[in-house]
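2 protein chains.
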Amino acid sequence: MTRKELFNQIKTKRSFLCVGLDTDIQKIPKHLLAAEDPVFEFNRQIIDATKDYCVAYKPNLAFYESLGASGWISLEKTLQYIPENCFTIADAKRGDIGNTSALYAKAFFEQMNFDAVTVAPYMGEDSVKPFLDFKNHWVILLALTSNVGANNLQMIKDADGKFLFEQVIETSKQWGTADNMMYVIGATRTEQLQQVRKLIPEHFLLVPGVGAQGGSLKEVALHGMNDECGLLVNSSRNIIYASTEKDFATAAAKAAKEVQQEMELLLKQKGLTQ
Amino acid sequence: MTRKELFNQIKTKRSFLCVGLDTDIQKIPKHLLAAEDPVFEFNRQIIDATKDYCVAYKPNLAFYESLGASGWISLEKTLQYIPENCFTIADAKRGDIGNTSALYAKAFFEQMNFDAVTVAPYMGEDSVKPFLDFKNHWVILLALTSNVGANNLQMIKDADGKFLFEQVIETSKQWGTADNMMYVIGATRTEQLQQVRKLIPEHFLLVPGVGAQGGSLKEVALHGMNDECGLLVNSSRNIIYASTEKDFATAAAKAAKEVQQEMELLLKQKGLTQ
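Taken in sequence, the protein lines are chains A and B.
Note that my numbering gives residue 42 to position 28 of the first sequence, counting from 1, and the numbers run on in steps of one.
Note that my numbering gives residue 125 to position 111 of the second sequence, counting from 1, and the numbers run on in steps of one.
This is chain A alone, in the form it adopts within the complex (with noise of 0.2 Å):
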């Protein structure tokens, strides 16, 4: 998906939510443990009662994996369930040296066709650069977290006095573009966004962190949001497990709905929707 059409989406749903599928065999429905492939089954409902109210999915790697193979079973049909329309990120954090990188951009972009993989930046240029070779796929490069570790080493000041995940911006910046890279900034991070906007204006940002880690949705968008709405925000606990009963669908359309109407406003505010 390219960034206008993303765009496209953001104004048609009026909405810039990203359903993170966190999706835990512990704690789904117990009644859905009967089905044949019980994740998927969650996976599937979600989406349904969903779609209408988001623009992306997330699924996150490491609950697919710890299932082993037929975890990834789950998740190339899950991947296959979501709409064309939606936009899809393996929150995956990947990067290694560049043949290996190479490898799992295949993983992502080939044999699953996901629209954008989470790359971690530590390893630098050549361990982010084969996911960008993909024509249409993206890198949601991490640079500033929402968890408590990211002051361990995001937080240290060069020289300059500039922060690493500033670094990390600035550098990556130059290795693709507004249209092939983004962000991933903590909602949790609001004092830093401005920052962030100012050395990428254009970009988009995945933000998570908003919900159940404590981030404000109103703040993102006041120091994040640009003319091309620039940011997916990412609730994942909040909405797919608001119910843990038979009800679950029907709650997380529910949730996901109040945060579609309040990013309409969002929206309206900013002049991007009427």
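Hints are computed from structural coordinates only; laboratory data are not their basis.
Keep in mind that this is a model prediction, so the values were computed, not measured.
A portion of the hints provided could be inaccurate.
Which copy? The list can't say, so a pair holds if one copy fits it or any two copies do.
[To be verified] For lysine-lysine, the following DSS-like pairs were computed, each having C-alpha atoms within a straight-line distance of at most 27 Å:
id: 1; residue 1: Lys176; residue 2: Lys187
id: 2; residue 1: Lys284; residue 2: Lys65
id: 3; residue 1: Lys120; residue 2: Lys91
id: 4; residue 1: Lys212; residue 2: Lys171
id: 5; residue 1: Lys44; residue 2: Lys260
Could you slot chain B onto chain A? The hints should help.
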């Protein structure tokens, strides 16, 4: 496997070689493609041929993931086939927020029972700790990698003139001990090895980059070996693709034996074996 057991294996086999199972379906001998599971069949023969010359095996996850669910099955079979007395490393370079890292740890330490997994440090302490909660299992943290892109971030200096990779080591060594953490230091970085040893005299180092990437085993041993060896030196392509014909296993055995003999000499020079 404990540190003591690993050192015992090194003394017994007179080797600190780790064989990287970067098994590429495009590169394995053509006659194996008729096997039911060509990737596993290749690995099985490589393991049989090299197990007396190495102390560790390191499957590179990207090579298996790029084949989807079937690759995952080949990986599981490979891990089960590796002899008990060999240390096993999932070269996965994972790292995510706490609850997600916990699931990756489960995938590699419970679902598959690897001894160790490589982890990327960018997201900080809470992304690494969940792996350390598994007794007798290891985190191998990326510190200074062998690729060119390592210069982009790992060599950035902070206000005190410290490189980022030094900060990574200094900060992270407090998260675990020399009994559950190792570090990745590329063989192409021998000029930094002495500094690494000042920071972490006891920890094992996993050293890629000897051979195909140009690092020198002798230099690595000179600056990196400690009283318990403290080194696992990885070689992938130079061993597993020593021949791409029907004699690939014999050729791999020969290549592994050559490295082992060089290592035996280095261990003798250090007085660690007779």
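Hint by hint, here is what the structure shows:
1. Lys176 - Lys187: both (16 Å within a copy, 25 Å between copies)
2. Lys284 - Lys65: within (24 Å within a copy, 64 Å between copies)
3. Lys120 - Lys91: The answer is both: 18 Å in one copy and 22 Å across copies each meet 27 Å.
4. Lys212 - Lys171: This pair counts as both: shortest intra-copy Cα distance 18 Å, inter-copy 23 Å.
5. Lys44 - Lys260: within (8 Å within a copy, 52 Å between copies)
In the structure shown, no violation is registered for any of the earlier numbered hints.
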